[in-house]
Amino acid sequence: MDKRSKPLILLLVLIALAATLVAFWAVFLRDPAPVLPPDELPTLETNAVPTEDEEKMDQPEGGGSVNITYSDQVSISLASQEVGLYFSNPARSNQSMVLEIIIQGVTVAQSGALPPGYLVETLPLLGTAKLSAGTYEGKFHVLFYDSTGGKAILDTEIPVTITVT
Amino acid sequence: MKKLIAILLSLTFILSVSVFAATINNPGTSREDVTVTYQSSASDVTVYSVDIEWGSMDFSYTVSDRTWNPSSHSYSGGTGKWSCATGANIVTITNHSNSDINCKFEFSSTNDNVQGNFSTDTINIASAEGYEYNADTLKATSTLSLSGTIKDATEAGTIGTASVTISASE
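Residue numbers (our numbering), protein chains in the order written: chain C, 1 to 165; chain A, 1001 to 1170.
Mixed in with the good hints there might be a few duds.
[As the list claims (entries may be wrong)] To spell it out: a stretch of chain C is covered by chain A in this simulated footprint if at least three of its residues, at any positions, have a beta carbon under 8 Å from a beta carbon of chain A; those stretches are:
1) 59 to 65
2) 70 to 84
3) 150 to 156
[Claimed, not checked] A few chain A residues that face chain C, going by a derived Cβ cut-off under 7 Å, partial list only:
4) 1050
5) 1059
6) 1140
7) 1165
Keep in mind the hints are simulated off the structure, nothing from the lab. Backbone N, C-alpha and C fix where the C-beta goes; we use that ideal spot for every residue, glycine too.
Please model the complete structure; the sequences and the hints are all you need to start from.
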């Protein structure tokens, strides 16, 4: 090894070290991108269960009319990485819904589409959620979508108590 | 000794006769106080069921013509006015829950020059227990009004989001 190649080797080692550090940060330390509510109606939630048929509500022209039926008690199992809840968009509603479950500003679960006539009792916990056991004050964020799949101008928030075990 | 035995036998006979007589006097009847204690560890589970209805929320901002005033070298008129179709700006909440609920109405503007206000910020609606399904008591409305200005057609479109927060009444 001559004297001129030493700095080059040193530079290559430094570059390799920097690349390793960046990769470590990206994999283990970087905050994941926030989960945003979809602007358009996604595909049907895989955990959605059909409910009984009902007569539709009257709907104001150009607006929306929905019913939401729910429990404000939510459970999260860290072992199974699942959220246990009760949230129904009854058949009498005129809009589809997407449900987000938020703790301290972080979305820990997000449903797919819940059209009228579907309820959900289980949702997968998002991989971005870093939770420990305890009781949290969180919220449902409910988004509504019309028949064309466009997001309504009105949304709803519902405070819920979330027990993590 | 014989006398004592005779007395005891007499007493036994008298007592047994009186018990027998009592039984005959109340044929087929045995009155005992039955006491019941009501104990319940169960409580009614709260089921929240809420109707939400909203109008189109389509607003128009109409600017009248400006008139040039030569004496003051300024325009008059040209002010804008917000309007919407009847009922288009109303949000109605109906409570079908077995609990009181509290509704909070908010508007979040994406245009700094436009503000939105609901006629009622918060409304408490009574539990549906004891009321008919369509009882007016279980309904509450709030009306959105917009104020402020938009410069021109490029600022038209979606200018904000209305939100209703539904919580258990405290």
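For a quick check of understanding: which of the numbered hints are violated here, in increasing order?
Violated: hints 5 and 6.
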